[in-house]
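Trainee: The whole structure should be built from the sequences, with the hints applied where relevant.
Protein chains: 2
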Amino acid sequence: MGEEEREEALDYESIQEERTDKLTALLDGRDMKQLQRCMEEMNEFDVAEFLTGIEDNRMPMVFRLLSKETAADVFANLEAPEQERIINSITDSELAGIVEELFVDDAVDMMEELPANVVKRVMRTATPETRNLINQYLHYPENSAGSIMTSEFVDLKKYMSVKESFARIRRIGEDKETIYVCFVISSHRKLEGIVTVKDLLLADDDDVIEELMDRNVIFATTTEDQESVSEKFSDYDLIALPVVDKEGRLVGIVTVDDIIDVMEQEATEDFERMAGMTPSDKPYSRTGPIEMWKNRIPWLMFLMLSATFTSMILTSFEERLAVVAGLIPFIPMLMGTGGNSGAQSATAVIRSLSLGDTEPKDALRVLWKEWRTAALCGLSLAAVNFFKMLLLDGMLLGNPNITVAVSATVSLSIVFIVMFAKLVGSLLPIGAEKIGLDPAVMANPLISTLTDAVSLLIYIFIAKLILNI
Amino acid sequence: MGEEEREEALDYESIQEERTDKLTALLDGRDMKQLQRCMEEMNEFDVAEFLTGIEDNRMPMVFRLLSKETAADVFANLEAPEQERIINSITDSELAGIVEELFVDDAVDMMEELPANVVKRVMRTATPETRNLINQYLHYPENSAGSIMTSEFVDLKKYMSVKESFARIRRIGEDKETIYVCFVISSHRKLEGIVTVKDLLLADDDDVIEELMDRNVIFATTTEDQESVSEKFSDYDLIALPVVDKEGRLVGIVTVDDIIDVMEQEATEDFERMAGMTPSDKPYSRTGPIEMWKNRIPWLMFLMLSATFTSMILTSFEERLAVVAGLIPFIPMLMGTGGNSGAQSATAVIRSLSLGDTEPKDALRVLWKEWRTAALCGLSLAAVNFFKMLLLDGMLLGNPNITVAVSATVSLSIVFIVMFAKLVGSLLPIGAEKIGLDPAVMANPLISTLTDAVSLLIYIFIAKLILNI
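Chains as they are written, first to last, in my numbering: chain A, 1 to 469; chain B, 470 to 938.
Don't read these hints as lab results, they were simulated from the structure.
Hints are supplied without guarantee of correctness; some may be wrong.
Claimed, not checked - With a cut-off of at most 27 angstroms between alpha-carbon atoms, the simulated DSSO-like pairs for lysine-lysine come out as follows:
(1) A:282 <-> A:246
(2) B:491 <-> A:232
(3) B:857 <-> A:294
(4) A:198 <-> B:701
(5) A:282 <-> B:701
(6) B:667 <-> A:158
(7) A:163 <-> B:701
(8) A:232 <-> B:667
(9) B:491 <-> B:502
(10) A:190 <-> A:176
Mentor: Structure follows, in structure tokens:
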């Protein structure tokens, strides 16, 4: 902002584009000095984006123009393939410099994605302290608070004065992931309270931390699931959360920027599970067809084989259904309506469970609400279908098989199918949560396979009643 | 932490439960003084949870025990029904006190949810300045940066020294939503740069803001969609983002805690759209059956009516399909497999689009990847199905209609159905994004209705080829 050329472009995207064009021109004109200066002024995420956009082998060379501090920040913002390309083209001492500058959580993220030989080289160049820290972090369970925390926080003692605390923050704050929340620990590293820089700024120089700190600390334990950690950020509007071990000792902190990534990842996993896929950490753009096949085939196979039941039912009753012409063509519509109704309820309940809005103990309340909704949906669909079949299929399209009795059979089936589908769709996820499974696996694909078979049975039963087949 | 009884309970949830029990005991024993003291020490979210848990009419009375500042913070954490109960049982001057203490964005959120008569009373008790501000914010488009921003930020001038800046932060910082990022504006309120408290702490007292501030500001415009705002937080790891009007003047800021709510809301909307529901702002637990029916019936109705095509196809070919016994019972399995395959691709692509990982210009790359994945999935499903039909349906279940030719017909259909479903499932969301629609509406329900009809046509075509029906 402020520069003249930018006065016109008043959204951030246009500014970004202009800048990328400028950088590309500098690179193509080999004006490395100017390129370096521009990159140092930019946000590290934008530099990372620019580097990723350079598709030829000039990329690592451009990366090496960056100063040591900027290099580490930019590096943390790159994806694994670019990180690997850079690691493979810098010297051991340059690599060591970057690894020491990285926050532990970023270093651990990187280690989890890079191929084994690259990890080995990184570990070899790191100092023994960093190596130990990384190793320790790699041992926390996947998706636990321990696996996403970082060790770069400001710790204070309760007997310190505000003045002393500021001096400490100034001394060690530069390399910390946040300085705005400081953690008060005992001589045995037990977490005793937290104090924010706001508290410190609004206090007097001589005030003592013990009087300022909030003892009522919200915290997580190292093995706690990241989903529960992110709920705490959402509930309490935190910018950092302390993580303690079994003995209550402070071992790390989680910052809000990491939680934003966790939330995206958890939502993506739910989307994938609900569509019958094995969740994967890799973004879609970097997943190859073989891997996608591996993630997708198990559920497809299982669901295809489960459909054997539906085939068996249809095989047994095919002849009887065929007695009244016009019944079989409505089977797909009935199954589709059942599947869609069930998916709606399942999705609503799964999302509500995952946001903590509904709990397994609410099962009866959910059931009663879904039952009434299902009745409303079933009846309105049935009414519309009854007249649609008589008027459109029967009169307009001239299908002689569509009698009032056939229309009534199909319409009445809709009512019961929708009610069954909505009840199953809402109960299965709650049941899964109750027995400790992820409710998201009880979504769409499973429910529609189940409702397919039951829809068919309901249809046959009602056809027997009304049409005497 | 620190108190003796808590030494044993070392996760935050147990501490919360203990505290709730204690508060309930105090309330039942009418020890209001002690209850008041306990609540003042607690986090405002926990107090709000405790209040929500009091189901009888003592709730507003307990709320009135809170001090003015705490009351506003707790109020902002309550849901609309509880807010309404409180508003209806406090005096106008108490209400005015709360409204003045609320951050504008929280006040606006509240106004959007409360019934009209309550809103009127709130507006009447507010000061003219607050009333104007709320009115102005209520006019920004729904889900825009303007509608989620707040006006409580710290502004500095570039000629200020670090010492003067700290003095200003100390003076006005108390009521700001964040003090850690300060915004440097010109005399015409144009945004010129940002400076963090960290920058200020690490600088000397005499340094001037102009030299410290970052001119390369990441910002949003008032009408920008909240999804794009939240992408900026995720990309740049921000804790606050300035919002400017068309002239580049700073009008508000968005803080990271609001973005966490936005992310939850956007993900919920995608889940709902993808299951064929109209997104609603209300949580599931507070949505009644009539409203749920309204959100769910449009797609159910549309999809049921679209299934008319499938019925028409089946009506036309029923007799010919029936010529070779054993074909009709496999229709549901084929449609299910098509629907599931399409839903997988659609979900993966929609999620990738919404995370900014895939863009419409990647359409060809996506298509090529999905095509190869579909070939792998289709072939493996077909192979398993071929032997399963011959061995299980044919030999074990003794169905005499299952010949090698019938098995081959069904299996070959699977290959083409899966390939069609995966291509449609990946292309429709990209196409929607390209023409400016929400890709999430192109999900599961729509795709399965489309694949149902096409699956049937593929099946009939292949049966003609192989079985000469």
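Trainee: All the hints need checking, so say for each whether the structure fits it.
Mentor: Here is how each hint holds up against the structure:
For the given pair, residue 282 (chain A) sits about 32 angstroms from residue 246 (chain A) by alpha-carbon distance, which is inconsistent with the 27 angstroms threshold. At roughly 22 angstroms between alpha-carbon atoms, residue 491 (chain B) and residue 232 (chain A) fall within 27 angstroms of each other, so this suggested pair holds. The straight-line distance between the Cα atoms of residue 857 (chain B) and residue 294 (chain A) is roughly 21 angstroms, inside the 27 angstroms bound, and the hint therefore holds. With a C-alpha separation of about 25 angstroms, the suggested pair residue 198 (chain A) and residue 701 (chain B) falls inside the 27 angstroms cut-off, and the hint holds.
As the CA atoms of residue 282 (chain A) and residue 701 (chain B) are separated by approximately 21 angstroms, the hinted pair is consistent with the 27 angstroms bound. Between residue 667 (chain B) and residue 158 (chain A) the alpha-carbon distance is near 22 angstroms, which keeps this suggested pair within the 27 angstroms criterion. Taking the CA atoms of residue 163 (chain A) and residue 701 (chain B), the gap is about 36 angstroms. The hint is violated against a cut of 27 angstroms. Our distance criterion of 27 angstroms between C-alpha atoms is met by residue 232 (chain A) and residue 667 (chain B), whose separation comes to about 25 angstroms.
At most 27 angstroms may separate the alpha-carbon atoms for a hinted pair to count; residue 491 (chain B) and residue 502 (chain B) meet this at roughly 14 angstroms. Between residue 190 (chain A) and residue 176 (chain A) the CA atoms are separated by roughly 20 angstroms; this keeps the pair inside 27 angstroms, and the hint holds.
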